[in-house]
Amino acid sequence: DGGITQSPKYLFRKEGQNVTLSCEQNLNHDAMYWYRQDPGQGLRLIYYSQIVNDFQKGDIAEGYSVSREKKESFPLTVTSAQKNPTAFYLCASKTTRDSYEQYFGPGTRLTVT
Amino acid sequence: KNQVEQSPQSLIILEGKNCTLQCNYTVSPFSNLRWYKQDTGRGPVSLTIMTFSENTKSNGRYTATLDADTKQSSLHITASQLSDSASYICVVSGIGNNNDMRFGAGTRLTVKP
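Chains as they are written, first to last, in my numbering: chain A, 303 to 415; chain B, 1313 to 1425.
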């Protein structure tokens, strides 16, 4: 999984609770990403960050929030405003904004009941 | 409509056989195309990366081809093994906005003994 760790692997929450997913990388990559993966669909971009203290919304940012206080860390918070939060969440990183190779973490399976 | 379409959606083959997965895209202007292998419950792992000028790229028993004129790519797997059972994802990036990466829904390959 290329030096990217996500924790926990499985996460269970009650509806209405906020939950934070961890993503850490030791690859010294500048850019980091959060994706959501649902069955039968391609990965969809939630948020991305190209530099510390800066991040941009992706295609499906509503109901999510992120922070990038350190280069190595890019946590994702799934808020109670997210209508359908149950999914597989993947974190990824790239060396620079212009590089082609993107490395993925092992993913976190979030189940909200 | 997704800008990256993969076919077939799923495929079952016998161990030792070859197979070819297809990826058609409409992303334009084109920058690069990547194939990933994703085991169930894990993060995607890169197999090949091809830019506009490359027609073919190999990685062991995996060979990817690219026809930028027809906007088609294929991934050929030779002498399949049980460990090839996974989802194979095609990702196409456009020029200009480095975060405009479009993911196909994947092909689910099952290799049976």
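These aren't lab readings, by the way, just hints derived from the structure by calculation.
Please note: incorrect hints may appear among the correct ones.
Said to hold, decoys possible - Sample of chain B residues at the chain A side, in silico, Cβ under 10 Å:
#1 V1316
#2 S1319
#3 P1320
#4 C1331
#5 R1346
#6 C1402
#7 G1416
#8 K1424
#9 P1425
Unchecked claim - Simulated restraints on C-beta separations:
#10 A:N386 <-> B:T1422: 26 to 34 Å
#11 A:T381 <-> B:I1325: 40 to 48 Å
#12 B:E1366 <-> A:T398: 39 to 47 Å
#13 B:N1371 <-> A:S375: 27 to 35 Å
As the list claims (entries may be wrong) - Cut-off 25 Å, straight-line C-alpha distance, at most; resulting in silico cross-link-like pairs (SDA-like, lysine to any residue):
#14 A:K359 <-> B:K1383
#15 B:K1383 <-> A:K311
#16 A:K311 <-> A:T388
Keep in mind the model is a prediction, meaning the values are calculated, not measured.
Backbone N, C-alpha and C define an ideal beta-carbon position, used for all residues, glycine too.
Of all the hints given earlier, name the ones this structure violates by number, lowest first.
2, 3, 4, 8, 9, 12, 14, 15
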